[in-house]
Amino acid sequence: MAFAAFATAEAQPQAPKKRSRIALFLLLPGILYLVLFFLTPLISLVLTSLQAPSEFGDIGVYDYAFNWQNYVTVVNSYLPHILRSFGYALAATVFALLFSYPLAYFIGVKARRWPLLQSLMLVLVIAPFFISFLLRTLAWKQILSDESFVITSLKALSLMAPDGHFTGTPFAVIFGLTYRFIPFMTVPLYSALERLDIRYLEAGSDLYANPFTVFRKITVPLSMPGIVAGTLLTFIPAAGDYINASRDFLGSTDTQMMGNVIEANFLVLQNYPAAAALSIILMAVILVIVGVYVKRSGTEDLL
Amino acid sequence: MMMSVRQFAERGADLELVGIQKRFPGFTAIEELDLTIPAGSFFALLGPSGCGKTTTLRLVAGLEEPTKGRILIGGNDVTDTKSHQRPVNTVFQSYALFPHMTIIENVAFGLKRRRIGDALAKAHEALRLVELDHLAQRKPQQLSGGQQQRVALARAIVNRPALLLLDEPLGALDLKLRRQMQLELKTIQEEVGLTFLHVTHDQEEAMTMADTVAVMNKGAIEQMGAPEVLYELPRTSFVANFLGQSNLFTGRVVDTTSAAITVAAAGQRITVPLSRAQRHQGEVTVGVRPEKVTLHVEAPIDTSERNVLGPGRVIDVSFSGVSTQYIVDIPGAGAVVVFAQNVGSGPVAGVDSQVWLSWAIDHGFGLDDVPSETGRFPADDSTSSIAAQRREDLVSELEEN
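Residue numbers (this note's numbering), protein chains in the order written: chain P, 1 to 303; chain G, 1 to 401.
I should point out that these hints are in silico values taken from the structure, not numbers from a laboratory.
Just so you know, nobody snuck in bad clues.
Distance condition first, Cα-Cα at most 20 Å in a straight line; then the derived EDC-like pairs of lysine to aspartate or glutamate:
#1 K218/G <-> E31/G
#2 K110/P <-> E65/G
#3 K292/G <-> D302/G
#4 K217/P <-> E105/G
#5 K218/G <-> E168/G
#6 K110/P <-> E64/G
#7 K139/G <-> D197/P
Let the sequences and hints guide you as you build the complete structure.
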């Protein structure tokens, strides 16, 4: 749904004039799939979010209603989590961009003369995908735990307070999110930078632009499609991530994000309407942010 | 002192290349290049692809660094300065218009970087010069190739660089647009008084536009001079064949008078004026342009004013409207090309007919090449003296006016 914003922005290619039954027939599985697995749960989620507790039932039993106060209640009780989610996601997106851009630039532009190095580095960027994300996060928990070599060394060098922790802090969660989404950021940036025509940079330099201005005025705008795609691929899932922020991984009770709250409401508190309302809020806020972002970045004719 | 890029150049500047050498991993693009281009001239570097002409241009623009040698613009050594610090602009072969900017933003780009006031007004003025001001708000990809080329030109000249570099800018255009652009370039050069350095593999383009043409081959300049001089008196067989076509004959000098030398070639005697021959003894290559050769169907009377070859056999006739090209096989001399103007009514000789050829002695030329040497002829070391001569001519011309 988020990508509907792209579709309208793009110039519509000429559709074939003749209506074809075969085309409709081929579309059918896709439409059925979307109705069954996207539209139905969505409607069910909206209905659940408006449910009221059953008057005579047990805990966890709800009746259909139009109890819109659910939204007010969850915003009131979970506002810090909502803000934290988007704050962490934003920070992780910025860090991932700062880390990935030079990397993607090196692979896509500087390494062009050595195709073998280029492919090797790309494989290394994608390699983490071959190991389960849960395992990797657990590994980071080990590496960064209080008794680990890294942390004890930092403490020995007085770079960290003797009673300091790394896991359980907001910084650890943002670190985990950044780490997780670096490949999602690097690959679209690479595909945009790999197509970057060096002759534009030469022309910029010929027209009195110093290297920094060339980067700001030519390289960045021309790689904008990659930046937009990468930041969206990072920000959207990061805002809903509940692994990194979880107590079992890199987080603590002070770093809970929306995903953790939704999980707790669904599975522990059995407060389904609250969990559904939070999910809808998460989705709506992301849609608004993405819509404004795509419109403002003005990448319509570059996509 | 560095020439500031913060202000417009008052006029074109001299370009001097001193002992330039450029090596890339695996090959040498430029062996040893000395070149002086006087201010305000339209200079063309002509050569086949891979001869080092584009590398020369990129060295001047600052997009490549020379392995050896110095580059001076208007007397200032710019060898160690970066591209954006040089008072030079380039019209790229690919145009390289920024696709994310409108036409007017493209044209104003250089002015804004130099913080020159009224950038937009000046950019509009430059677009009016190339008659594209009505397209100022379009994006480059919405323009045709010819229009993009003119925008690239406007984007370069709006900066009033001391030196304008043109990298085969007319390559992608059709014939009619080419003519139009050639004319426009020439007009702009005369109006604005910039120094133009034009790189091309199109000999016709170089000859119609440039005041001075340097023919480049394998990383060095073979010959340099005014287009007419180059065409009339080529010094090497490369120049003779790259700049138009030539019929060349090699033989030993058998007779020398105070006015001419006579070479025994192709079983005949070919005489060339002493003043038009570079070497006067030993093995010498002499030649004549195909359009200066006359075709005879009967043996012409031998006179002291013309060379006669024949009899030979016509092996090919091709009609091209204005003229007809004959290829005549002369025993001992090989194939000789003749261009005959179609002033009569069509071809006068058919394939396989017996013909004789003649040309005025004054029209022949003698090359400087040593025929036994197959390698490249060493660089023309008198380039700077030609340029200096050219500059003196310009100075005296200016004083007269």
